[in-house]
Amino acid sequence: DGGITQSPKYLFRKEGQNVTLSCEQNLNHDAMYWYRQDPGQGLRLIYYSQIVNDFQKGDIAEGYSVSREKKESFPLTVTSAQKNPTAFYLCASRSSRRGNQPQHFGDGTRLSIL
Amino acid sequence: GQNIDQPTEMTATEGAIVQINCTYQTSGFNGLFWYQQHAGEAPTFLSYNVLDGLEEKGRFSSFLSRSKGYSYLLLKELQMKDSASYLCAVSPADRGSTLGRLYFGRGTQLTVWP
Chain A
1 DGGITQSPKY LFRKEGQNVT LSCEQNLNHD AMYWYRQDPG QGLRLIYYSQ
51 IVNDFQKGDI AEGYSVSREK KESFPLTVTS AQKNPTAFYL CASRSSRRGN
101 QPQHFGDGTR LSIL
Chain B
1 GQNIDQPTEM TATEGAIVQI NCTYQTSGFN GLFWYQQHAG EAPTFLSYNV
51 LDGLEEKGRF SSFLSRSKGY SYLLLKELQM KDSASYLCAV SPADRGSTLG
101 RLYFGRGTQL TVWP
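Listed in order, the protein sequences are those of chains A and B. According to the working numbering, the first sequence is numbered sequentially starting from 1. According to the working numbering, the second sequence is numbered sequentially starting from 1.
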């Protein structure tokens, strides 16, 4: 089945540690996105990529980094510079087919600090 | 800047009709999406409006007025499973690209009582 796979489902980070969240899609979508969601809040955009080897900062990029070496993959690294990383992280992708297509989301990764 | 406003919470009873409003101010407009998000899960796509008027999809309908910067999601024959957060997201004009970012509202938490 086609879809977006995020892993792991739960992740714990120690102080001063970098962690990487995986996002893979087999939908052949061109664009991919990373969002952060805090309790009772909407989605805040961290980074997005419209094409391989290119990405743009969103509203809260500080303390995060991404890469887009393959169309299928858009991993997010939460660096030690991100002082408050505890949140629900959602990855999404979107087709470039005719018309304004909706973003489709993975099941998310819940990150906590140890 | 971009501004998307929705009520924070709403309540309704089973079988009733509820209307969730969304107002927006964005730099250009290229469509508005509604998503449903159950607690702890990923958002799922409900509807898309780019032209003025009502789009009906089963128990759910969505309306758009571009001149007023206003949309609503109408849920009929409410069921307990409709208890969720409903997110409004606007696609700003992006030089012809449909792969750019969305701007999300904070979501409206709907509780359906028996």
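Note that these hints are calculated values from the structure, not bench results. Here the structure is a predicted model, which is why all the values come from computation and not from measurement. Please note that a few of the clues may not be correct.
Unchecked claim - A short, non-exhaustive set of chain A residues, derived as facing chain B with CB atoms under 8 angstroms:
| # | residue |
| --- | --- |
| 1 | G3 |
| 2 | L45 |
| 3 | Y48 |
| 4 | G108 |
Unchecked claim - If you only want the chain A side, here are some residues facing chain B, beta carbon under 8 angstroms, derived:
| # | residue |
| --- | --- |
| 5 | L27 |
| 6 | H104 |
| 7 | G106 |
Ideal placement from N, C-alpha and C gives every residue a C-beta, glycine not left out.
Hints, verified against the model:
1. G3: Violated, because the Cβ-Cβ distance from G3 (chain A) to chain B comes to roughly 11 angstroms (cut-off 8 angstroms).
2. L45: With Cβ-Cβ at 6 angstroms, under 8 angstroms, it holds.
3. Y48: Holds. Min distance 6 angstroms.
4. G108: holds (6 angstroms)
5. L27: violated (13 angstroms)
6. H104: holds (7 angstroms)
7. G106: holds (6 angstroms)
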